[in-house]
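Protein sequences, first through last, are from chains A and B.
Last residue of the first sequence: 601 in our numbering, with the numbers rising by one and none dropped.
Last residue of the second sequence: 601 in our numbering, with the numbers rising by one and none dropped.
Worth flagging that the hints you see were computed from the coordinates, not collected in a lab.
No false leads were mixed into what you were given.
Identical chains share a label here; the pair holds if one copy fits it or two copies do between them.
Here are the computed lysine-lysine pairs in the DSS-like style, where the Cα-Cα straight-line distance is at most 30 Å:
| no. | residue 1 | residue 2 |
| --- | --- | --- |
| 1 | Lys561 | Lys360 |
| 2 | Lys431 | Lys594 |
| 3 | Lys409 | Lys360 |
| 4 | Lys360 | Lys573 |
| 5 | Lys594 | Lys284 |
| 6 | Lys518 | Lys562 |
| 7 | Lys562 | Lys360 |
| 8 | Lys337 | Lys594 |
| 9 | Lys431 | Lys409 |
| 10 | Lys360 | Lys431 |
| 11 | Lys576 | Lys409 |
Bear in mind that the values here come from a model prediction, so they are computed numbers and not experimental data.
Protein chains: 2
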Amino acid sequence: MKDYVIGLDLGGTNIRAAAVNREGEILHRVKIPTEVPLGRERVIANILKVIDTIKKEHKGLKLSAVGMGIPGVIFFDKGIVARSPNFPDWIDFNLRERLNKYLNVPFYIDNDANLAAVGEGWLGAGKKFNSFCMLTLGTGVGGGIVLNKNIWRGEYGMAGELGHITIYPDGHPCNCGNRGCLEQYASATGIVRMAMEENPPSPPFTKGGKEGGITADKIYQLAKNGDRYSLEIFQKMGRILGIGIADLVNILNIELFVLGGGVADSWNYFIDSAIDEIKKRTYRITGERVKVVKAELGDDAGIFGAAYMAMKEEISNSR
Amino acid sequence: MKDYVIGLDLGGTNIRAAAVNREGEILHRVKIPTEVPLGRERVIANILKVIDTIKKEHKGLKLSAVGMGIPGVIFFDKGIVARSPNFPDWIDFNLRERLNKYLNVPFYIDNDANLAAVGEGWLGAGKKFNSFCMLTLGTGVGGGIVLNKNIWRGEYGMAGELGHITIYPDGHPCNCGNRGCLEQYASATGIVRMAMEENPPSPPFTKGGKEGGITADKIYQLAKNGDRYSLEIFQKMGRILGIGIADLVNILNIELFVLGGGVADSWNYFIDSAIDEIKKRTYRITGERVKVVKAELGDDAGIFGAAYMAMKEEISNSR
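Let's have the full structure, built from the sequences with the hints guiding it.
See below:
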């Protein structure tokens, strides 16, 4: 009997999932609301509902394993959610133990940014590379490091916090406790803050300000229309991103950097500054071979990554 | 017949070498001048002389392989010295090919900082850990990253340039082309420069200045005697080192950091600031488990590392 796995992406708003076969084809998709405000039991019931729905659709196929990506601090080995920004009451919560009662297939979880990197490595921008870093430039900056085709998780699953590389030691305070983290500049939040902080304030941002609903997307639209203040913000963001990537080049001698997340759509306005900065801050021998490319799988990277991780783990654990 | 390997450390002043057995015991040591000014052929003759001397001492034992550490950009796979600060005319020089004519055992080279990490991982401060970073705080700052018991060399052997993590994007220019590199602050050179740059100048450093021969060791002696300016320099250096280590924690989730090199002797005067800074700049869950320890093998780390690398490569290549 042919088999398949289920990859899930547990977001704060929706649970997105797909049945995926070993060739990386999506057989079926499901998306339902996560319903966080209705409590943990409801979220768990929703996860199980998604899995059941998919299983019912594929009665002729064997489900081998389930993988799921969750934002936050995930202990991959134990299947524990240590902390997650979307689920404040899930503290050191053994999700695997909780779900194992209902599932009769192996269940694996990992940090969503790690799994986005795994997905891009399997089927997307990283598939021809053994090693690469992925940076997800969204509300914050997530990261995943793939070394020799394996995600590098570190001592207890906390590796790849690339958004928390220090750029400016005395810079803007970050939620993580550090100051001047990459995430404070190379994210949608960071772009808005940099725009609002300009002193003297740039004309387009004084009109509305925060109350006027200045967003990273509006700044992007302004840049598109040639607004030089907005273009400067993206150039600044690009330079800062370049500093972070240069650190990764100097530390890991990695050649490929894959950029995903909504902010990556502003590509044309930041990429030149980023590449210029990478070259300035690395040895010529490493810097000139660095490739920075766009992620290819969009929102599906995490689902594919969850599926692939589950597939790989199930194979290595059943040996 | 019992076998052994030779580990060499090719420095700018001396070639240091030892015959090492599989248990990590040094059977014999040799040290002769490198004689760089007499040209490349002379240096090569000296390397061969060291190997011959050791071989003659161990006629009853079988030499299995030779390993050597060299500062600079080394292409480990090919045995090529791409660039070395100590040997300016060795550019893309295939040292392995050159020596293979004379040696009838496998010959391996790697960056000296990488091999110091390998040595500490085999017999020193890292031996109980699967993964750690070593920072060699000397004239510059060298680095080596051990992941799951293997040195991480990156795409072409340039990984572990930990001295070139950017601390201050607009900081002091570095030879590597970057600005504000860790090496510009956490090295002997950096300590002297920070002391000289104090404005207004601190009394102990105005007396002599550079011409008066202010060295990192003198600043260390002053700190020992309670001089508050010197103590402040080391605290500053510690904080900056902590920023760099915090980056490595956030990126790699590594628990152990081994500090070697002459500057590490000033341990008592910088370590508290370093640890304080690491904790501030990492997640509590990772930061509180970070251990920063002194290297244990001193100058021998590189020799042991070269020997161990040769041993391991010879085993894996003869399979």
